[in-house]
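Trainee: Following the hints, complete the assembly by docking chain B onto the known chain A.
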Amino acid sequence: MNAGARIEDVETYLAAQQSKSLLRFITCGSVDDGKSTLIGRLLHESKALFDDQLAALEGDSRKFGTQGDELDFALLLDGLGAEREQGITIDVAYRFFATERRKFIVADTPGHEQYTRNMITGASTADLAVILVDARKGLLTQTRRHSYLVSLVGIRKVVLAVNKLDLVDWSRDAFEAIERDYRAFAAQLGIDDVVAIPLSALRGDNLSAPSARTPWYRGPSLLQHLETVDVGNGEPTGPLRLPVQWVNRPDLDFRGYSGRILGGRVRPGDAVRVLPSGRTSAVARIVTFDGDLAEARTGQSVTLTLADEIDISRGDVICAADDPAGLADQFEATLVWMADAPMLPGRPYLVKLGASTLGASFGQPKYAVDVNSLDHLAAKTLELNGIGVANLTLDRAVAFDPYASNRDMGSFIVIDRYTNQTVGAGLLHFALRRSQNIHWQAVEVDKQARIRQSGHAPCVLWLTGLSGSGKSTIANIVERQLHALGARTYLLDGDNVRHGLSKDLGFTDADRVENIRRIGEVARLMVDAGLIVITAFISPFRSERQLARGMVEDGEFVEIFVDTPLDVVEQRDPKGLYRKARRGELKNFTGIDSPYEVPAAPELHLRTMEQSPEESASAIVEALIRRGVIRPTI
Amino acid sequence: MTALTHLQRLEAESIDILREAVAEAERPVMLYSIGKDSSVMLHLARKAFFPSRPPFPLLHVDTTWKFRAMYELRDRMARESGQDLIVHRNPEAVRLGINPFTHGSALHTDVWKTQGLKQALDQHGFDLAFGGARRDEEKSRAKERVFSFRSAQHQWDPKNQRPELWRLYNARKNKGESIRVFPLSNWTELDIWQYILAEDIPIVPLYLAAERPVVTRDGTLVMVDDERFPLREGETPALRRVRFRTLGCYPLTGAIESDADTLPAIIREMLVARTSERQGRLIDQDAGASMEKKKAEGYF
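Going line by line, the protein sequences match chains A and B.
FYI, this note's numbering numbers position 319 of the first sequence as 319, with every residue one higher than the one before it.
FYI, this note's numbering numbers position 143 of the second sequence as 777, with every residue one higher than the one before it.
One or more of the hints may lead you astray.
As the list claims (entries may be wrong) - Residues on chain B that point at chain A, a partial pick, calculated with CB under 10 Å:
(1) Arg653
(2) Ala657
(3) Arg661
(4) Ala682
(5) Asn733
(6) Phe735
(7) Arg768
(8) Tyr803
(9) Arg846
To be verified - As a list, the in silico DSS-like pairs of lysine-lysine whose alpha-carbon atoms are at most 30 Å apart:
(10) A:Lys366 x A:Lys447
(11) A:Lys380 x A:Lys580
(12) A:Lys20 x B:Lys807
(13) A:Lys380 x A:Lys587
(14) B:Lys793 x A:Lys380
(15) A:Lys447 x A:Lys575
Derived by calculation from the structure, the hints in this document are not laboratory data.
For every residue, glycine included, the Cβ atom is placed at its ideal position computed from N, Cα and C.
So that you can see chain A by itself, here it is in the shape it has in the complex:
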């Protein structure tokens, strides 16, 4: 009602509203630091709560509340039914409130141990972070972790909200000691803009107005600070960057490139360079629904037309001609892992960067970061919530800027090729030099020449199935039959490879991926040499079979599922391995304590319960004849 009383003239008020700015911030704290209470209070004090919401809150506070007869603001924020029952916030929620000067979007993220991913998500769009500390407890491990994550995503402005000061009798010493400790720690992280505010979120002290209970504190209240802090609009400046999202072609006479400006500004006549092609042109028009613009800048969504007809498609980046983005396919990057299944070096993933989606894989992490101590640890993989530094290889070159100079041009998400889930997020540091220095050696005797000489096409016969399913037996017969037909063959078998090529590898998921990568590479070379390569490996994961498939040309990979049910192979148990695995003497054994992912669409599906190994082998040879790899008699 006060808000209404203040508005004498709606027109004047609305004019003022038009110049209101936007601040996005994130709140971080441990489970009991009073974060939800703080946000609930901010909503309440900025009149963002309505009577019916308050009435519902009163009801909920009586039913689920932990504050006696007081309103429990935490309940306002726990949006999902399941969360209410568990009493914790488990995901990122966005809240909105506005004052006379600013509109605010708050990312509310949980402080619970395993939710690094939520914090990174919330922080990725924030201009500022409010870090809560309980005045009684001082800096906790979580405080350090949250601050590290905030610094990792490039937030440089932090409010240290020392909460629950009422519980330490408004002690100036307690407040100042925490502030001192925090500044020292933050400096190590490169956060030098820290504003510390003594608070009682529960009672509302120093929240929207200075509190009489902290006469020794001369700084702004939290809301005053949030309303006035300069975050430079949160936008990067620098040279023009506009990733093309959509090519706008209403008719043959108009060809525009639509996208959001992620850096710099643009005017008609500006010289631009388009990556990755490197073609140059000049901006002809900046087209919008509201008429052409004389200038557009960072943050705006526009459509550009260019003076020259050059081929531009979605994912290309229009850059300032004299200061274009980098172009590379190999990078060093910080990677935050967000899925239950760990990151496996060498496994094929997808990466989305700007408006481009690319095939990608990661090297073994150079190190992982212990988010509590900030120590660098050796690591072979990254687990859920793991953070590390690794090399990233893409299947083609893309335009980029280092994350430190442009957040939107240097950030990416990692997508699992099979579940399509977002499994990780990353920040580009720099391009690796070597990506520009390796060139393929041109050779004169090529694959086609070898095919002409041998009289048959090369391919990979990839047999996959459980241990003991009969892969090696069938593979041997196939090779014998092909040899008899005059084909040039080579058999790569699980055991012979394990004794040499992959001698250094064990049976963890990460090692299995690397093993298959090596076999795939060897098979690729042999296919290039013109051979029919027969492989017999359990190869339990779809992703790695896909990886091997991707190494050769379309049609050269024949996936053959040797399908023998688990109970049958376990009963056969030719090497006694299942018995050992059941006794727990053999770890990570496929089918027992490590999964076998059944091929979704193999080229051949051999049901060994219904036919003999000889019949299976003949089926493979017949398939090769049908595919035109070999002729019935060579």
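Mentor: Okay, now just chain B, sitting in the frame of chain A:
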């Protein structure tokens, strides 16, 4: 040059979302419910793809019980934007004559809207649908992603949402899955009204106060919009100066008494308002997690 204002930032973000979704989808569609949020969303779509027409049709999941003024605006806007308008009415609901009076609001909403929407999406094979929901509307919405996935059965799994970082949206879907995209996620009710005023966006006149025939039912002012409204004993529609904060099926939408007959007056009223807009919606007022439950079942 000064910084972008909050409305400019919201507009640019929504356009970015609309373009990204269209670029990644095979068969997108925009759910058009004729309310103020839909009006803003449609306006943003026209901006996003200009000078092209928005490259998707509009879908109105009709219940036959909307206000007459809504049908008028719907047909006018489809003409102006040049997009195809698909009107879907659940044939089963038509056959059974489902209505809020004899079947109750819950069944009415489920059959016409929830089931009707699923039918329409399946029938046309749409893999991505834009919706005008905002995160400030309701608690479970606050946690919903901009790109929100639905199973082949159109169900929402709040526990299994993809993290959304920076401005990178993962629009890859599994077989059978569809995506709901909410370009207005970060807008508030006040932002919507300010934008409608600033951009002069056409809205249904019912948002503005006028004399309208209403009856008071269970404490709510309900407008008698046509002769299908069964009056109870002693009920006589009386002309009162009312307006609506949200629009849906007229028998299920509560009016408020108001003199606000211009947009600035509405905004002024909003600033002093002490109840949230959803209070006028009769479907929200059951168990605590009601909206979450409806969404899990496929309600938009």
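Trainee: Honestly, which of those hints from before does the structure not fit?
Mentor: Hints 3, 5, 6, 9, 10, 12, 15 not satisfied by this model.
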